[in-house]
Every structure is written in structure tokens, then in C-alpha cells.
Amino acid sequence: MKSARKVLLAGATAFAVAGMLASCSAGPADGDSDDGRVQLRVATFPPGADAAAYEAFAEQEKQFEKLHKDIDIVGVEYEWKGPTFAVQLAGGSLPDVFTVPFTDTKTLLENGQLTDVTDAVKKFGYAEKFNPVVLDGVTGDDGRIYGFPRQAYAMGLHYNRDLFEAAGLDPDKPPTTWDEVRAYAKQISDKTGKAGYAQMASGNTGGWQLTAAIVARGERTQTDETDGSAKSTIDNEGTAAALQFLHDLRWEDKSFGSKFDLDWGTINQEFAAGNIGMYTSGSDVYSALVRDFGLSPDSYGLGVVPVEGNDPGTLGGGDVAVISPTVDEGAKDAAATWIDWYYMQKLMDEDAAVTDAKTLADSGQAVGTPVLPVLSREQYEESLTWIESYINVPRDQMSAFIDNIWEQTPVGEPKKKTQEVYALLDTLVQTVLTQEDADISALLKKAQSDAQALLDQ
Amino acid sequence: MTTLRENTVVRDERAVDAAIPKPKPTRRTPLTWLRGGGLWNLLFLLPMIVVFAVFSWSPIVQSVIMSLQKTNLITSHWVGLDNYIAVLTDPLLGEAVINTLWFAVLAMIFGFPVPLFMAVLMSEVRRGKGLYSALAYLPVVIPPVVAVLLWKFFYSADDNGVFNTILGFVGIPAQPWIQDAVQAMPSLVLEATWAGAGGSIIIYLAALLGVPPELYDAAEVDGASIWRKVWHVTLPQMRGILFIMLILQVIATAQVFLEPFLFTGGGPAGATRTILLYIYDKAFRNSLGGAYGEATAVSVLLAIALALLSWLYFRLTNRWSSS
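Chains as they are written, first to last, in the numbering used here: chain A, 1 to 457; chain B, 1 to 323.
Read the hints as simulated data drawn from the structure, not as lab findings. Everything numeric in this text was worked out from a predicted model, so none of it was measured. Misleading hints may appear alongside valid ones.
[Said to hold, decoys possible] DSBU-like cross-link-like pairs, simulated, lysine-lysine; straight-line CA separation at most 35 Å:
no., chain 1, residue 1, chain 2, residue 2
1, A, K416, A, K259
2, A, K231, A, K191
3, B, K129, A, K81
4, A, K106, A, K6
5, B, K24, A, K417
6, A, K6, B, K24
7, A, K416, B, K22
8, A, K259, B, K22
9, A, K445, B, K152
10, B, K22, A, K81
11, A, K191, B, K22
12, A, K415, A, K446
13, B, K22, A, K445
14, A, K446, A, K416
15, B, K24, A, K106
16, B, K70, A, K446
17, B, K152, A, K446
18, A, K129, A, K358
19, A, K231, B, K70
20, B, K70, A, K186
21, A, K417, B, K152
22, B, K129, A, K6
23, A, K415, B, K70
24, A, K129, A, K259
25, B, K229, A, K254
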């Protein structure tokens, strides 16, 4: 008879061993590195960045650790991706310090997924220095601050100087009205066979760019009521004009090209490959175009998005450096110190700005990409003078934007159900681009009522 | 029974039986299980049970629980059947169901007969069957994501796109393929058929081998042409396999995700958004994770629908199958 006791003994031993091994393999407690320093996992850049970016970060890591010998920085590749954010947060694999776009900070606030950093901001003494519009995006209903706005951008019109020249257009004079955009696009597509003007249409970016186009025509897609609810105002003349513009380029002029499912990544890819003459996107996209998509700097030009109508604006955005809510108290101070050193000091302190610019420039990273100031315009322009000798982006090719952006009013993205409404607008853009006989006014009515249903939830 | 030797006595079996003492029939108790080596069985089964529990059953149970909650993976609260009501009244779900049915119908029309046809052709080939089988199976070997991305490149809608260039050789104008709401779904089905046909061909070839050749001879004697042979001999003999493959295909196409996700992301304008892509969008499209509760509710509904369909199918075909 098989000894049941022998089997029980074998099983118990196996479990005991397994249990011991499991407990042994649990690493050092969160926040402590092996040598007693506080370990901080910080976001660096998206995976796939070029090797020089890693070198630049390694250099900055060294500089910081020299100043703060009790903190051990561990760089973690990071890219804000909505779908995986919630899962990463739940699974605890987010870096301790990372960045969140403005669009999402309010929702994260409501969900209690951000750490209160009011004390740190006050300690560093720049609570009053922030542009109040920008700071509002990270202030909760309780008046506490939950992140460090570190960068803002406006919408810009990116264009390919080489295609302009090939089409017989002056590369230093990008279009300034929507009619000019249409005419230039037709000229480019007639003379070079490439798409004259393209726009994002999928993955919620279609809705984002359509909203930017609506704001540039003086309308808004959403208004906030005093009782906290929101009203959808998608059905307006600006939206109709923006959609008609896309329709005309696609079906009449045939200058839109043949890809109607572009998103942020693929439109950058097409542009960097020289297949698109003009498109709108955030003004800071130059860094990514060169680093991640291989754009040749000489062919890049940046102008402002044409505005028309009453009360036009430029859709602004940006991101915020935040501390993960799972970080313990000891590491929170370290995290705030890192954020201050890595993200904020270069905006305010000349030495920090110069060191940062030098490190980036030495590794061939972009220095001087046009952004909007999170502090004040004067502070921003002063900081540019500090790092003037390190600026390596072709700012003279971006003069049309730099000179004219101050005349445009930055407008924040709609606050409620932003991404869901963008998804709705995606469908709108795709329908107009793929169905020649699409009834724009009927589509607008339906979109507005669908959006209102979402907002009323 | 033969007698081997003179003095070997053939015993009466019943007498022999009665003479051998038999053990008393034991009651089956936990102790008998233990003594019979039950613990060893359990020990060997344990790894598999643990793996299944952690990676298969636990997520299913969690899904059902999530479908009754509103959750953002950090905090959650119970909402009963609200998620189910919300998705059942969502017009986008109706659109997704119709798109999925359309995919299923197209896949049935193209994807079901083509491998069968190819298998019948290949079974008639005298030499080189192995080569043709290998060639047929080659698309299956290519990783699905790679295949889809390749075809996405081929489907480029401008005049230099690979397929448009080929069409240009025979004078057909450039087609928008996946950029057009009407052509998008057939384009997806075309790639899915190309990728999946190989596996079906191999299975059908094996089934064809099981058809008794005498039936073909009898049909030949009756003067049947090749098509009548196929219709009256081959297909009825393969009935069992065909029915299984059909239900498997229906279940697989009901869950199609890869092609719509990678080719078109559900576009243009929702023309290729299938049920699984709808679930994915609900859960993951928006920043910060979306409506996990509603997504899992649709998953549960889909599972129930497919289970019902399978049960109905097997009930109906019970009488018809050859087994």
C-alpha cells in the first residue's frame, strides 16, 4: 500500500520550501535601495528614443545624485498611454514620478490618484509664480495643488519647407488664413503629388484636432454651466466650417492624400517621411519628430494655426509632473526634490537652465523647441536668453509661430468627458473624409445630442 | 477448449470462481481514496489546477464581479445590473453586433468554401501533395500581427500601394481598401481567410483521406462527374468534420479582434468595429481607463450568447452528424 504518510510528508515539504523561497524573493521594500539611499523611479522618455537621449539622462542622473547623495535615481522608460495608465496604477508599476497631460489631471484628481504636493510647492517658493490658468488645471476642489505644471504648448501649423519649395511656395511664409491653407495644399499636391494638408482622424486625436480647428474658428465645443454640469455646443458654424474644409480638401481639391486614419504617431511618421505638406499638432512636437521619427531639421517649419471669427483661440495643452499616490512619505520628499531639480529649476534659475541645456545639447537633444510658458512670458523669454548659445533647433524656421503666438489666446481643452467626446468627433471626421455625400449638418446634430447624453451621465 | 495433456483437467470456470476467496466490496470512503493513491493524483494535478485557477478561472470570476460594479481598478462600488442596461441600450453595441455578423457572413462565404475547395483539389494531385500542403500552411506560420501589418502596407490606398499597382496592371483603378467604409470589412475578411485557410486545409485533407475509396469507385461506375462525386460522396462523408469546423469558425469570427484593431481601429466611422473591439474601446480607449464594468458586462453577454448558440447547434445537428 502506498504510504499516505509519505505522500503527505512530501507534499508538506514541497509547500514549505516553496513558501520560504517566495518570501525570500521579495525585494527591498518600496523606496529603499540596497545601500540605504531612497530609491526613486522616475519617468524618462518613451521607449525607442535614440541612444543619445539615454546618454543625456544618465548624465543628468549623475549630476543630481552628486547634489543629493541620499537619493538613488532609477530612470524608467515611460509614455503616457491612457489605456495602460489605470492598469499600471492598480498594478503598482508606475514610476514614482511621472507626467500626466493637462486633459487628464482633473479626472485623476477626482479619482484620488494624485499626491497632494501643496506643501512642496510652497516650500520651493513658486506657488505664486505659476500662470494662474495653468495652475487651475492641477488644483483640486479643496484648493490643494496636486502636481507641478512643467510644460505647456499651443497648437501650431507644421509644414515641410522642402515641399513648399518644390511647389513654388516661399518656405518662410506659411499660410495665415484657412483659404490660404487650402490654396497652398492644392498647389503642393498638384506640383509634388504629396498630400498638401492632412489631419489626424483616429484614436481620439481626430476629435482633439477637430476641437482645435473649431476653437481656431472662434467657437467652442462645450460650455460649463454654473451648476457644475456641461453643455455640448458641437453643432455650430465653426464645426461646420472645419468639416467643410476637410471635405473640400479631400473630395474637391484631392489634396488630403489617401490616409484617413492617422493618429498622433502615424501623422508624425508621414510628415517626417516627407509625405505631408502641412498639418496641425502641438507646437512642441519638433523634439519628438527629430528624436523618434527621424525628421531632418532643415525641412521643418512652424507657423501659427490661422484664426478667424469672434473670440478665436489656440487650443493649449501641456503636462504636469506628479507623484504617484503609492509612494511612501520618505520617498515623497525625494520625489519633490527631483521634480524641482529636473523639471522646474531650468525654468527659473539661470545656472540650472544652462546646465540642463548644455547636457541636452551635448547629446544632440533638442534645446529651444517653442513652448508656452507655465510661469510668465517674461520669465520664459528671459530663460531663452540664458540658454541662447545652446539652442540647436532651427528657431528661425519657426519664426512665424514664435512671433505671432502671443497674439492668440490660449484656450484649455474641454473639461468634462473630454476623451469620450473626442471619440465621438473621431467618427465625425472619419465620416466626412470617407463619404463624399456625408450630410454635415445632420451629423452635427447627432454628434451634439450624443455628446450631451455623455455629459449628462 | 482443447486439452493439452491427458492428465490436465479442465476446470469448470464457475467452480474455480467460487473457490477463490474474493475481497469484500469496499465502500468508497476518503480513506480508500487516500489508500488508493489519491494524494499522489492530487499532487500531480496541483500545478495544473493552480495555473488554471490563477490564469483562467479567477479572471473569469473577476470579470463577472466587475460587470456588476463601477470600478477604476482602485476603488469600486456595486451597481447591480446598471452596466448591462447601459450597454444593451447603447446604439454602438447594435452597430458592433451588425458588423460582427457581417464579418461572419463574409467569412462564411469566402473563408469556409475556399479551404474545402483547395483541400479537394489538393487531394486529387498525384505528386507534390507535401509541397502543396506546406505552401498552403505557410500563411498560418507567419505571426498574425506581422501578417496584418504587411497587408496593411499592401492595402495602401494611394496609387503606389502594392495591390493598387497590381490592379493597375489589369486596368482597374486604385481602390481605397481599408480607407473606405464599404470596402473595409471585405478587405479584413480577405486577409483573415488568407491567414487561416492553411489550418483548415490540413484538417480537411486529413478528413478526405477517411473517405472510403470504394464509394468513389461506385460513383464512377454510376457515371458521376467529378463535381457530382464531390457533392454526393465527399461532402456527406465529411459531414462530421464540416459541422465541427463550422461551429468553430462561427465562435472564432464572433470574437474577431486582431484584424479590426490593427487594420482600421474600428473605422472608418465605426464600419469595422466588432463586438470585441467595442469591448476593448469601452475598457481601454479613453485615458485613465474607461468603463471596465460595461466592458465586462458585454463580455459576459457574449459568452452567454456563444454558449447558447453552441448548445442549440449541437442539439440541431445531433441527428445529422455521422458519428
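- Message: Run through the hints listed earlier and report the numbers of any the structure violates, in increasing order.
- Response: Failing hints, ascending: 2, 3, 4, 5, 7, 8, 10, 11, 13, 15, 20, 22, 24, 25.
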